[in-house]
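*Asks:* Sequence:
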Amino acid sequence: MDELYIQRVLKGETDAFRYFVQQYSERAYHLAFSILKNEFAAKDALQESFLIAFKKLDTFVGKAKFSTWFFRIVINEALKMLKREGAERIRSKEDAESVAESMPQALDLLDENQQKYYINMALREIGPKEALALILFYLQENSLEEVCEVTGWTLSNSKVILHRARRSMYAQLDRILKSEKKLLY
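Heads up: the sequence shown begins at 584 in the working numbering, then just goes up one per residue.
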C-alpha cells in the first residue's frame, strides 16, 4: 500500500502524503518521545521528520520498508534535537543495577491502565537509546534485525542496549512502585 501512495506523491499528488501522516504519526511520535522525553519536542521532531520525508521521498529506493526509512528519519531528528538541547540524562549506576526480581509479578497485580501509566513513567526516566530500544522491540514488536535497520545499530549492540534497557526499566519501575506504595501507607 505504501508503494502506491509513494508513486502518487511522486507524480505530484501531494495530498496523498496524508496517508503517511495518518499511518505513521502515532508510532513515530512514541519513538521521538522515547528519545526526547518531552511532548512538545517530540511533536516538533515528528513535524520536521514528515517534512524531510516529503522533500526526500524521491530518494527512497525501497530496499527497506517505508516505515523503516521514515522511522530512521524520526530517530535522527530526535537525536539531533537532543544533541542541540544537551538533554542527555545522566543516571546513577546504582539505579540501573538495583533490579528487583519481583517486578514482573508486581506489575501483574495492576490493571492494564495502571500498567501503561507506570511503564510510561519509567520510560521517561531511562536513557533515550534504552527507551527507543524497548519501544521498537516490545511495543512496536519489531524483530532485532528491524531494530538494527531503524537505528543503525549492530546486532550485538542492539542486544546489549536491550539488555541494559530491561535492567533500567525494572530499576525505574521498582523505584516508582516503591514510592507509590509509601504514599498509600
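The reader is advised that the hints may include incorrect statements.
Only pairs whose alpha carbons sit at most 25 Å apart, straight line, appear in this in silico SDA-like list of lysine to any residue [claimed, not checked]: (1) K666 <-> K646; (2) K663 <-> E596; (3) K663 <-> Q590; (4) K626 <-> H746; (5) K742 <-> E724; (6) K699 <-> L745; (7) K620 <-> F643; (8) K646 <-> E631; (9) K761 <-> L738; (10) K742 <-> E708; (11) K639 <-> V592; (12) K638 <-> E695; (13) K639 <-> H613; (14) K742 <-> K761; (15) K761 <-> R747; (16) K626 <-> K648; (17) K666 <-> M704; (18) K626 <-> F600; (19) K666 <-> E631; (20) K626 <-> R655; (21) K663 <-> C731; (22) K663 <-> L640.
Think of the hints as simulated: they come from the structure by calculation, not from any bench.
*Asks:* Could you run down the list of hints and mark each one as holding or not?
*Replies:* Consistency of the hints with the structure:
With a C-alpha separation of about 29 Å, the suggested pair K666 and K646 falls outside the 25 Å cut-off, and the hint is violated. Of the pairs offered as hints, the one joining K663 and E596 is violated, with about 30 Å between alpha carbons and a cut-off of 25 Å exceeded. Using a Cα cut-off of 25 Å, the hinted pair K663 and Q590 is violated, with the two alpha carbons roughly 29 Å apart. A distance of roughly 28 Å separates the Cα atoms of K626 and H746; the hinted pair therefore is violated under the 25 Å criterion.
Straight-line distance between C-alpha atoms of K742 and E724 comes to about 15 Å, which keeps the hinted pair within the 25 Å bound. Of the supplied pair hints, the one linking K699 and L745 holds, its CA atoms being roughly 19 Å apart against a limit of 25 Å. Note on K620 and F643: the hinted pairing is violated, with a Cα-Cα distance of about 29 Å set against a maximum of 25 Å. For the suggested pair K646 and E631, the alpha carbons sit about 23 Å apart, so the restraint of at most 25 Å is met.
The hinted pair formed by K761 and L738 fails the criterion: a straight-line CA distance of about 34 Å is larger than 25 Å. With a C-alpha separation of about 20 Å, the suggested pair K742 and E708 falls inside the 25 Å cut-off, and the hint holds. A distance of roughly 11 Å separates the Cα atoms of K639 and V592; the hinted pair therefore holds under the 25 Å criterion. Proximity of K638 to E695 is assessed by CA-CA distance (about 40 Å); at most 25 Å being required, the pair is judged violated.
Pair hint K639 plus H613 holds up; C-alpha atoms about 22 Å apart against a cutoff of 25 Å. A threshold of 25 Å between alpha carbons decides the hint, and for K742 with K761 the separation of about 28 Å lies outside it, so the pair is violated. This hinted pair checks out: K761 and R747 have alpha carbons roughly 21 Å apart, not beyond 25 Å. About 23 Å separates the Cα atoms of K626 and K648, which keeps this hinted pair within 25 Å; it holds.
For the proposed pair K666 and M704, the alpha carbon gap of about 22 Å is at most 25 Å, so the pair holds. Between K626 and F600, the direct Cα distance comes to roughly 18 Å. Compliance with the 25 Å bound is thereby established for this hinted pair. Pair hint K666 plus E631 holds up; C-alpha atoms about 16 Å apart against a cutoff of 25 Å. At most 25 Å may separate the alpha-carbon atoms for a hinted pair to count; K626 and R655 meet this at roughly 16 Å.
In summary, the hint linking K663 to C731 is supported, as the alpha carbons are separated by about 19 Å, within the 25 Å threshold. Distance restraint check for K663 and L640: the Cα-Cα separation of roughly 20 Å lies within the 25 Å cut-off, and the hinted pair is therefore satisfied.
In the structure shown, a violation is registered for the earlier hints numbered 1, 2, 3, 4, 7, 9, 12 and 14, in ascending order.
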